[in-house]
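**Student:** Residue numbers (my numbering), protein chains in the order written: chain A, 1 to 285; chain B, 286 to 565; chain C, 566 to 903.
Since the hints were derived computationally from the structure, they do not count as laboratory data. Be aware that one or more of the hints could be misleading.
[Said to hold, decoys possible] What follows is a list of derived Cβ distance ranges for each label pair:
hint	chain 1	residue 1	chain 2	residue 2	range
1	B	551	A	207	40 to 50 angstroms
2	A	194	B	551	24 to 34 angstroms
3	B	345	A	93	49 to 59 angstroms
4	B	476	A	196	42 to 52 angstroms
5	C	750	A	192	52 to 62 angstroms
6	C	686	A	207	50 to 60 angstroms
Don't be surprised by glycine CBs; every beta carbon is placed ideally from N, CA and C.
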Amino acid sequence: MSALLLMAPALLLLLAVFVWPLLDYAWLSLQAQSVFTGLQPEPVGLANWQRLLADGRFWQDAGQTLRFAVVSVGLELVLGLGFALLLHQRWRGRGVVRTLTLLPWALPTTVMALGWRWIFNDPNGPINALLQSLGLASVPFLASPQLAWQTTVLADVWKTTPFVALLLLAGLQMIPADLYEAFALEGGSPWQSLWRVTLPLLRPYIFIVLLFRLAQALGVFDLVVVLTGGGPASSTESLAVYAYLNAMRFLDFGYSATVMLGMFVLLLISSAGLLLLQRRVQVRA
Amino acid sequence: MSGTHRQRMALGRSALVALLLLWSLGPMLWQLYTSLRSADALLLGSAGLGGGWTLANYTDVLSGDPPFWRYMLNSTVVGALSTLFTLALAIPCAYALSRRGGLLRLLVGGGLLAAAVFPYVLLFLALLEVARQLGLANNLLALSLPYAGLSLPLAVLLLQAAFAELPVELEENALLEGFSLLQRLRWILLPLMGPAVASTGLLVFLFSWNEFPIALTWLSRSELLTLAPAMARIAGSSVFTVPYGAFAAATVLGSLPLLALLLLFQRQIVAGLTQGAIKG
Amino acid sequence: MTTPTTISTTTAAAPASLRLENLGRRIGDRAILDGVNLAVAPGECLALLGPSGCGKSTVLRLIAGLDAPDAGRILLDGDDITERPPARRQVAMVFQSYALYPHLSVARNLSLGMEVRGVPRGERDREVATVLQLLQLAEMGQRRPAELSGGQRQRVALARALLRRPRVFLLDEPMSNLDAQLREELRPQLRAILCGGSAPVVYVTHDQQEAMGIADRIAVLQDGRVQQCGTPQELYQAPANLIVAGFIGRPQINLLPQPDGTVLGLRPEHLVAVTEGGLPVRVLSREWHGASQQLLVASPQGELRWTCAGNLSIGAELRLGWAREHEHRFVQTTGQRC
């Protein structure tokens, strides 16, 4: 009983911050609440949901968000593993380098997004300046849909790879060194030991990283808002940005809540898919 | 033979480390460089490194209206408050959770893990509505409440792992010596959890320092803005005419406190996150 | 190293006696304790002896209030304290790990409890100084536990327990973290400290030598029950059943099943070489221990352990006999002494 008492304040705040909003959205998604209703809620049944299913922009954003999440998390995983392997080896100055590599993760996304905008500026940013000094044409990184998307992925990978590396490093530290020694004595090469020893034993950590990072990447917001504003032509718009625009720019709260819930459903599906994948891999192993 | 092989390995590794540092620090160093260059020097590209150095970007940013340090002060206030709230709520909860087995622990633990993974950006609209109804908008103290709530899942998970690692006899002996719960926490448990509490507090501070969507929607008065929405506001003003030198000065200023914290508490952060990963 | 009179000033003023009545504790459907009855007189030291997992630590935790029984009562001076919270039982416990607060100095480890209980500063300092002196830790007050040797840590834990002025003194395997030589050295010291007070002492150990060396009485615990409780001599001379017989005495007693449904127990040290009668045996292996030899011999009734003062070589053949009064007989089916 006293245990519940000690947990009560924290649990109440958690309910208020996590559970209440979802209940609120469930109710709001069945209402029309926009400028057309004088910002007052009016029950409209499933109209918002029908609109969602037929909303090309929602599905386009859903596809873009999913593609963004899969590609950037995939890159972060590969790169993060490389970082972790490098930072796991023994060499002088390792501690300082570990801290310095964490820096991109610690900085506010909005701050660095602004930085990237300058770096990829056309024509005055350093990259384009470099290209021009080499006699090449400058590249409109943030003005072309394809390039803007790639720039967003790059900025996200830069920012979150340190976090992935840190978690994988934690996993590497749990693998006893004598496993590698035994494997080497049996004649395994370092490359083989990566595939036969490291990766299988790292699997639970990889799974946690994937779960955490995929959920976060599907909710990408800060980066898009500051770096591209969702443009050009909403080619980098994520679902969270679309929901935000619906509420704050179009003042359509009922539909914004529906978009949020739609995003929540997609999130649940992806998490479930990931869990199933993990199960399958486990069974096969 | 093996000597040269080892040397070559070490050389390769040094090259990789250099690449890693370039990747991690390059963009930030470029910001630092930009922030110290005059507008002309920037627009003329790499024309001569001899001239064009200036502190004008910093003085511009710091004498703006409101001055940039105002945003940093706001962020610091919100960060400190939400760290305080989070720890005050998370410590008792984590303690209770670590001392309980069975279904309750499984349920609460699972819920916390799900909440820790949840992309909180989904919640901003409902939270905004709460803020409007309760009149909490444009109030830094009130803003730290949702921050505390959003930080709680990870904080409780990290702290309960740290509680679970303390030898249980220490607390049992204190119990036999007549310590109350508060006395056990104050004298025995928390002093032994210093690193975990520090790293948890630091993560909460980082989160609230960096948080964007809720600050964006809760704060509208410019003298109350925290760093993240202030940055976005600068960015949104105009893409092409904005003086990038001032931008860069702002990013450098906004990063400095975090750089300091990270360097001060590097060991605790790494240990805290590592522990969380292992337990999670 | 100390005298009982100085110790008694730091233990409880009023003599207490501890009674456990029919204590039961279950975890799931497994009975950890199943009707444990014990009584400890004021100033008496009772050793709880048993293999690991026999429930002896659970008994301590129930007395301390760190665990609650499913059945039975705990009485201290006739007061039922079964439901009383641990802080109000005035019980002191020395944990196997010593449970010293690692972040505090030795002096702080000793005084913090008194501080929390509201003892004034001057009195705290006096008491800490006295007990440090008493346990030969006078120079150690400012050290951290990590800077102490194992034996010093144990003494700090003892000192802290003494300062609690306990009505019951509990010790959970206090020697198990020390090496064998230190254990033997410390035994008399520990006995002097424990026997000096007027509080009942319950001492948990799995080492029968330690139990015999320290305790006034020993309770052998197995399968959640007290198998026998008595003085070390009683347990050695008249073990109540096969479990106790096997637990008390080293090397272990020889148990020979007899055709009449009994088991004959013969201690290795009670066997003697005889010229006629007895059992014909052949030496299989030997361990030389200096004053004596530990032999394993083959007999028609099976292999026997024999502690022998002479010098025999492997393969030697001879006859072994024993005095009638050294025979222990048990019923084969129940294991009880007959």
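**Student:** Compare the structure with each hint and give your call.
**Tutor:** Tested hints:
1. 551(B) - 207(A): 40 to 50 angstroms: violated, 27 angstroms
2. 194(A) - 551(B): 24 to 34 angstroms: holds, 27 angstroms
3. 345(B) - 93(A): 49 to 59 angstroms: violated, 37 angstroms
4. 476(B) - 196(A): 42 to 52 angstroms: holds, 44 angstroms
5. 750(C) - 192(A): 52 to 62 angstroms: Distance hint for residue 750(C), residue 192(A) holds at roughly 55 angstroms.
6. 686(C) - 207(A): 50 to 60 angstroms: At 56 angstroms between Cβs, range holds.
In terms of the numbered hints stated before, the structure departs from hints 1, 3, listed from lowest to highest.
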